[in-house]
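> The listed protein sequences derive, respectively, from chains A and B.
The first sequence lines up with residues 1 to 499 when you count with the working numbering.
The second sequence lines up with residues 1 to 500 when you count with the working numbering.
FYI, nobody ran anything at the bench for these hints, they're computed from the structure.
The beta carbon of each residue, even a glycine, is placed where N, CA and C say it ideally should be.
The reader is advised that the hints may include incorrect statements.
To be verified - Going by beta-carbon spacing under 8 Å, a handful of chain A positions derived as facing chain B:
| hint | residue |
| --- | --- |
| 1 | A100 |
| 2 | H146 |
| 3 | L262 |
| 4 | E431 |
Said to hold, decoys possible - Straight-line alpha carbon distances no greater than 25 Å define the calculated DSS-like cross-link-like pairs of lysine-lysine that follow:
| hint | chain 1 | residue 1 | chain 2 | residue 2 |
| --- | --- | --- | --- | --- |
| 5 | A | K267 | A | K210 |
| 6 | A | K92 | B | K384 |
| 7 | A | K92 | A | K143 |
| 8 | A | K322 | A | K185 |
| 9 | A | K92 | B | K254 |
| 10 | A | K185 | A | K328 |
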Amino acid sequence: MAKEQLMSYEDAIERFEVVIGLEVHVELNTVSKMFCGCANNFGSEPNTNVCPTCLGLPGSLPAVNRKAVESSIAIGLALDCQIASNGRFARKNYFYPDLAKNFQTSQFDEPIAFEGEISIELETGEVFMVPIERAHMEEDAGKLTHVGGATGRIQGAEYSLVDYNRAGVPLVEIVTKPIYGALDKAPELAATYVRAIRDIVKSMNVSDAKMERGNVRCDANVSLREKGAEKLGTRTETKNVNSLKSIENTVRYEIQRQAFILAAGGKIIQETRHWHEDRGHTSAGRPKSDADDYRYFPEPDLVPVQPSEEWIEEIRLTLTEKPSVRRKRLQNDWGFADLEFRDVLNSDLLDEIEATVAAGASPQSARKWWTGELARLANVQEVAVQDLPITPEQVASIQKLIDSGELTDRIARDVVAGVLAGEGEPAEVIESRGLKIVTDEGALIAAIDKALASQPDVMEKIRDGKLQAAGAVIGAVMQEMRGQADASRVRALILERAK
Amino acid sequence: MTEITSSSAAALAGLISSKKASSVEITTAFLDRLEKLNPKTNSYLYFNRENSLAQAKRADQQLADGTAVSPLHGVPIAVKDNLTTTDAPTTAGSKILEGWVPQYDATVVRKLREASMPILGKTNLDEFAMGSSTEFSAYGPSKNPWDLSRIPGGSGGGSSSAIAGHLAPLAIGSDTGGSIRFPAAMTGSVGAKPTYGAVSRYGLIALASSLDQIGPVTNSVMDAAMLQDVIGGHDPHDSTSLPNSLGSMVQSVKKADVKGLKVGVVKQLSSDGFQPGVKTCFDDTIEKLAAAGAEIIEVDCPSFEYAVAAYYLILPAEASSNLAKFDSVRFGLRVTPDGNPTIENVMAATREQGFGPEVKRRIILGTYALSSGYYDAYYGSAQKVRTLIQQDLARAFTQADVLLTPTAPTTAFKIGEKVNDPLAMYLNDIATIPANLAGIPGISVPNGLASEDGLPSGVQILAPAMQDGQMYRVASIVEKLYVDQWGASLIARVPDLEAL
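Take these sequences, add in the hints, and give me the full structure.
Shown next as structure tokens:
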């Protein structure tokens, strides 16, 4: 599909007011599914976590997972929402092969949480209050894999496979009210908002919050209106955008695309769209109108969820520190410069660094390990740095050995490589690879004397004040010690001998 | 007819527990009879002698090894074919499920197995329980043992004809607007719809979730009470099932005493529109109750006038959604149209061929009633009527302990008589529908033969929600009035099927 024509971003912002609305789906990490006892488990063999209920077999009935309700209430409370005293489920009726019952059990006019807000701080320090309309519970659909055909989409596929393991996985959908006034910051605000939601659900441990696995995914609604106009413009909804960068790019692209159409006197078609990160544009999905009729009605197979005041307060007490508050506190405690801290946030390493510091490393050394060597290794191995098989405790213990002079930075990197290669704890790697630094001064002095003997002019040069001449001897000694010596100590010993 | 097949379930249970007859002997007697006579009544869609006898043998072995596991230990039973069974195909009377063998047992079926009650087979019904005659079954209508040219009532006409024809001593039915009680009235048997939630619906192929309830179809009130005691109780698989036990129905039957009983007669269901013979039988029962010492009170339920209309919005709305899962993707019929089939047209072709006319009619009605712009006028208004009916009943039950109505406006009509007139068909349930809309228990008890056609009529007893015991108690009193007068229950007068 050809790329559509765009207006420059600056011109678009100059001419139009941007209104965005964000729907974030959060997959909860409950042990079992929303309405049955099947495992809520990512990555199982297809169609192994299924039962009559999540397969929608005739006669089966749903039963609500109390833990999922608890997590939903916790999310609602974290977003400063009111919690419904009578949260009813509803059926959203439409036919699709990944939807076992051909209706989704969701919530419609009585969501579990409603009327909240969250403050979002942009890079400039500017703070936006994003109004939350609702957070409601629903079930996920199965997963379709379309085989054959060029696009991997249902159109043109030879056949499609359905995996119902995901069918019935509990979701919380968080819907914002229209967000006005973000101007040129709308794309950044969208991404920062989604990051904030992701951080909240992660810190509360109600979701695995891995965007690349679809644990958190965003539908971005964008519309433009002429500056000063009262009536909202026609919106598009770009579905299932699943990285922060893509969210920012999607919103920016839609602003430019819509601006071009509107400026040329055209009309925006109300539709769902898809974002193609690789090609950097959205494409039209199916037309969607407000007349889309899902024939919602109260789910007769479930009694309403009626959380008691006591239960809500119990859940409120379990709420963890708000991620925005925590970030401020940590930056302050660690004394990181803004740029350093942004680096940590952007690479999503707050938890790892916090744990490494807690295990005894200094904040700066922890930061250097995670955003430096470990990030580099992860990049080489093409995995997320968080998924490297090394724990914050192991990183901290290696750093302690550096601090006490038992390891050099270079040897420490070998120890890390050993841990990542599955050779055991740092101490075991040091032992088995024989990486312990040589601190026996007798051995060092013997090596120095040996090196000096083969380079007799060196001593002379040093005594003449040409200290750099020591470099050649240090190199020879390090080679002799197979790298396992502290170069600065060797240097000091050479200088001492030259006295 | 042997002595065994004409006995009540309670009597058979007594024979088994006292080891005067084995479950195998009794099950064999019913299998012999149904294999011979089912072609006449088309009560059963499926039976399997070997399987039933294996279950009977296990029941006998258990008894030989120890004691009875339930009061109905070893007594065989017929199950309506809209309950899932892992050892028998389950069709719900529809072509769209032909040949489907469920992967799980309905909770009620599991309870029957745990009570060591052999299952004789699966009984016929209108497709997805939509109908009151079984004429909408995809597998042909069942026949009424009182007159094989007449309907046995519906949707549970397979179960009612099996009971009246002595092809089973007990049967399970499901009642959404009268599908247990109306067939019971048509065949002179007893049919009870417990309080909504008293019996788990898990494994019942849903028609309208907020109205459906499973219950017993039997020869006597005591048999029905015994069966409800077996199948009732909370089920974690059904969120709408009641958390607490309603107590023993059998104990309530045993305490039957008319003294101090206040009987309400619903003004709106005791005047016009009833066949004269049916009305006469009903009036006669009320007189007898008064003579026995009950206080008779007329109660006013003005909203009953809108019950049928509200019912035919709520039911199709829920059914249209419940039946969406029949799409060929995971189970049942799959019709692949010619050309290059897409998932949409495979679904459409399957539903076009797999569903019968009444099912399609109700799916269309329900889809319409839930559509945006019509929801408030139809589904919304119907829910309001439902509330008004509940209020009418709550008021009536402050005046009376139970309410009595004729179960049905007529006796059994001829097969074919109403099949092309949906409105006439829908009015059969005029007296039974309010109980489903309000979630209260109702039972139909034989009420004599109408003078003009000599066919059975039924009297319905309604009790407040969760007072199923009260309902059984009064049902037992009413039943006794007839047994006292005639020396036997009405079902003893059913013609000999073998001679028909």
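> Against this structure, judge whether each hint is valid.
Each hint, compared with the structure:
A cut of 8 Å between beta carbons decides the hint on A100/A: the least distance to chain B is about 7 Å, and the hint holds. For H146/A, the shortest C-beta to C-beta distance to chain B is roughly 11 Å, which exceeds 8 Å, and the interface hint is violated. The closest approach between the C-beta of L262/A and any C-beta of chain B is roughly 29 Å, which is over the 8 Å cut-off, so the hint fails. Among the interface hints, the one on E431/A is violated; its C-beta lies about 54 Å from the nearest C-beta in chain B, farther than the 8 Å criterion.
With a C-alpha separation of about 37 Å, the suggested pair K267/A and K210/A falls outside the 25 Å cut-off, and the hint is violated. With a C-alpha separation of about 22 Å, the suggested pair K92/A and K384/B falls inside the 25 Å cut-off, and the hint holds. With a CA separation close to 18 Å, the supplied pair K92/A and K143/A stays within the 25 Å bound. With a CA separation close to 23 Å, the supplied pair K322/A and K185/A stays within the 25 Å bound.
The hinted pair formed by K92/A and K254/B fails the criterion: a straight-line CA distance of about 48 Å is larger than 25 Å. Only pairs whose Cα atoms come within 25 Å are accepted, and K185/A paired with K328/A is accepted, the gap being roughly 22 Å.
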